[in-house]
Amino acid sequence: MLRNRQIRLRAVTLLAVLTVLAAACGGGDTAGEQPTDVGAATDGTGATDGGTETGSADGGTEATATMVFGTSADPVVLDGALVSDGESLRAIDQMFEGLVSLELGGTEIVPALATEWEASDDGLEWTFQLREGVTFHDGEPFNAEAVCFNFDRWYNFPPEFQNPAVSYYWQTVFGGFAETDPDSGAPTESLYKSCEATSDTEVVLRLTKPSASFLSALALTNFTIASPAALEEFGADEGEVDAEGIFRPTGTYGTEHPTGTGPFMFGEWTRGDRLVMERNPDYWNAEEATGNIGTLIFRPIADNAARLQALQSGEIQGYDLVEPQDFATIEGDDQFKLLPRPAFNVGYIGFNQQVEPMGNPDVRKAIAHAIDREAIVEGFYAGQGVVAHQFMPPELFGYAEDVTKYEYDPDMARQLLEQSGEDLPVRLDFAYPTDVSRPYMPDPQANFEAMVADLRDVGFEVETKSAVWSPDYLDNVDNGRYGMYLLGWTGDFGDPDNFIGTFFQSQQRAWGFDNAEIRRTLDDAEAETDDEARVKLYEEANRQIMEFLPGLPYVHTQPALAFTANVEGYQPSPVSLEPFAIVTVTGQ
Amino acid sequence: MLRYVAKRLLLLVPVLIGLSFLVFIFVRSLPGGPAIALLGERATEESVQAIERQLGLDQPLPVQYLRYARNLAGGNLGSSVLTRQPVSTELRQKFPATMELAIAAMLFAIGAGVPLGFVAAKRYQGVLDNASLVASLIGISFPVFFLALIMKYVFAVRLGWLPSIGRLDVTRSLAHPTGFYLLDAVLARDWDAFVDVLAHLLMPAIALGTIPLAIIARITRAATLDVLSEDYVRTARAKGLSGGVVNRRHVLRNALLPVVTVIGLQTGLLLTGAVLTETVFAWPGVGTWMLNAIRNRDYAVLQGGIVFFAFIVVLVNLVVDLSYALLNPRIRYR
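Here the protein sequences line up with chains A and B, keeping their order. For the first sequence, the numbering used here assigns the number 6 to the initial residue and increments by one for each residue that follows. For the second sequence, the numbering used here assigns the number 239 to the initial residue and increments by one for each residue that follows.
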């Protein structure tokens, strides 16, 4: 017995040592033969073959290149109607198309699956002419019926899908459902009335009230058209509510069989590892999809530093959400390039007028004059920010040039405080979030400290607060627990309604005020279907808002993407609608 | 022995019940909740309430706990709020990745730590001993993620010898019935894939195994020194056994007892360390999964993951206790 045990023990020890040795040698010896050739990026000449080989491209006309793109997380599910996170949308964008889309790199509406459209005079009926000869990835024809099938699906979502965490965008744009579950929290009224296939290529969408932002919203990835046959066959809406009350899809549509009309088709998806998409050989718009990527792989890498290193080692050829502190590293190396996105966000200081003394307009104005926004944007945004003077980015229509601007003027701030009627020194309650970096606020604490110093300089007494961004800080803001707070917003679609409409069209505890004038202007603007009149109304709203000063917008930033130098044609978009179908990877 | 094992396994039941309660309370004492985490800036009061109602989070805590405990007893860990997948399914997918990494790290730590400690003890206060002391101090005090970043910079970015992320090259496909990629590669007889997996495993395993290595080396050294001064070692030498036989049969074997204890204790630390290591190496394991769950207040995932981790730690310690008998025949379990 003893002998036996001894042998076993020795064997175990030996095995352990051998395994480690084998691992050490094996790794060292063989890594050079890896197909990825991860060393490529460092030998100067090799940067261009950072990609992985699947075949040889002849002249860049054939889509044979492979591109690996580093994302920040896995998609949740590949069904546009059920997601609101950026990574899901990014992937769905490559495989699906909607009736309309946005021009490359902009927010102008352009035809996609619909070639033209027209609204009735009362704005309640929208007629779309559909593109002919388009097929879904499963070979099913795209037609008017397919469009109505999708709209009816969304409108008839079961109660489990009426959760705002699931169908956020439907609820934001269209409101309620055919049968809105009173417990769902969804709006009871719906903008959507019906969809009618008046011919094979003509669809009429009817609304319950006029809405001008409806068309921009249709460009959202969430309203892309899926193959009705695939939705049914793979049980897109099937599922069960588990014992914890969470709806659990049992179908495989969104995880294994997403089927659209886009330039890429679903290949395979291993959560946490890779999402592989293959070029659609029958894509209707091959003429414009001029890129050479045959296989597109999204690879989730949650850690920022790891994404940069993966780019440097040649394991990925591009990634999104580059940290400002890495801009210099990437720009300083000619093997890589940095592509900034047009600004489509706003960072602001929110004022909660329910908290004393924020209800006092003089105090709000004093704050606006006290803070040196220019210095903050210059100091903490690595050259990627511009000073904001209103609550939406300048790229968007309805931006008013002549709003009240509050220049940095400490003396004016002191004077306003004197005349404010408040007891001096005026005390402020000001909060910032920790453990977070947002596109509009890469380093909240740095912004905050500079602002506090400015405020103290003109005689404010500031009580500082902080909390972890998600969910504590957001919870406190939403429930009106801070007097002043740092926050911001990134737009979803190219309409002012998505910025100032979201902020001020309804009463919110975070702001703690009710301004009927502003609300009315925003309501009118939303309902106006005449483009020119609409622009004027939003300009007016912006003027009213900045005069009222419910908060102080201070920055618009340009988030950036990084690529290896051999990636060409990627077109950053303010709303992140960025097709890989037009991207070319050379040198593979 | 069998009775002892059965008793220990039965003891697991109250341990897990107590643990599930603690975890339940701990997870819910994190401020905020999944609704706001999900919606971010887009959260409104109504939407938050609606989600909480749907998840049953508006009910009193005791009610929530009873429901959770009942499900747990039935082997149901609930579903992830974020991915809407059953926690048990996700755990099955992620667990092999973490286990493979942890085993590799432990093998590295044991394989390098035990010989290092033993040699250091034999060369007590010699150059080698002092060098190993310095090295293990550095090993213990070096933050894992920092070590990982430096290794990646040198071996992936500068030299290009090793991949810096993931478990397998993205252009390579490997059927993974077991989820242990090394094993899967062997099963598929795909030796290129085997080498590729090994190359991916190397840096994360070293990063994760460094601290246990240092600790194991120190313990081995101390234990060996103790044993070396024992009478039976002198006796063994006196009766003419060769140095090698004495070392193997009498010294190392007895010195390993405390080392095995430490290995058991280290397993828990290793699993927590895996959270950081996995993030830095984009390793699709339980660590990244749980970190994400903390950010999203994904209660079911956190509860399931922590209870499962605890289960593993308890189990490993049981195995360690049992292995005492293997190492020292005088120890018997009843």
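These are calculated hints, taken from the structure and not from any lab test. Each residue gets a CB set at the ideal place from its N, CA and C atoms; glycine is no exception. Honestly, I wouldn't trust all of these hints.
If you want the footprint, here are the derived chain B segments under chain A, 3+ residues with CB under 8 Å [to be verified]:
#1 241 to 255
#2 288 to 300
#3 460 to 470
#4 499 to 508
#5 514 to 520
Outcome of the hint check:
Only residues whose C-beta sits within less than 8 Å of a C-beta in chain A count toward coverage, and the stretch 241 to 255 of chain B has 0 of them, not enough to reach three; the restraint is violated. Remark: the stretch 288 to 300 of chain B is confirmed as covered by chain A, as 6 of its residues place a Cβ nearer than 8 Å to a Cβ of that chain, reaching the required three. Check on the stretch 460 to 470 of chain B: 0 of its residues sit with their Cβ under 8 Å from a Cβ of chain A, so the three-residue criterion for coverage is violated. With a threshold of 8 Å between beta carbons, the proposed coverage of the stretch 499 to 508 of chain B by chain A is violated, since 0 of its residues qualify and at least three are required.
For the stretch 514 to 520 of chain B, the proposed coverage by chain A is satisfied: 4 residues have a C-beta within less than 8 Å of a C-beta in that chain, meeting the threshold of three.
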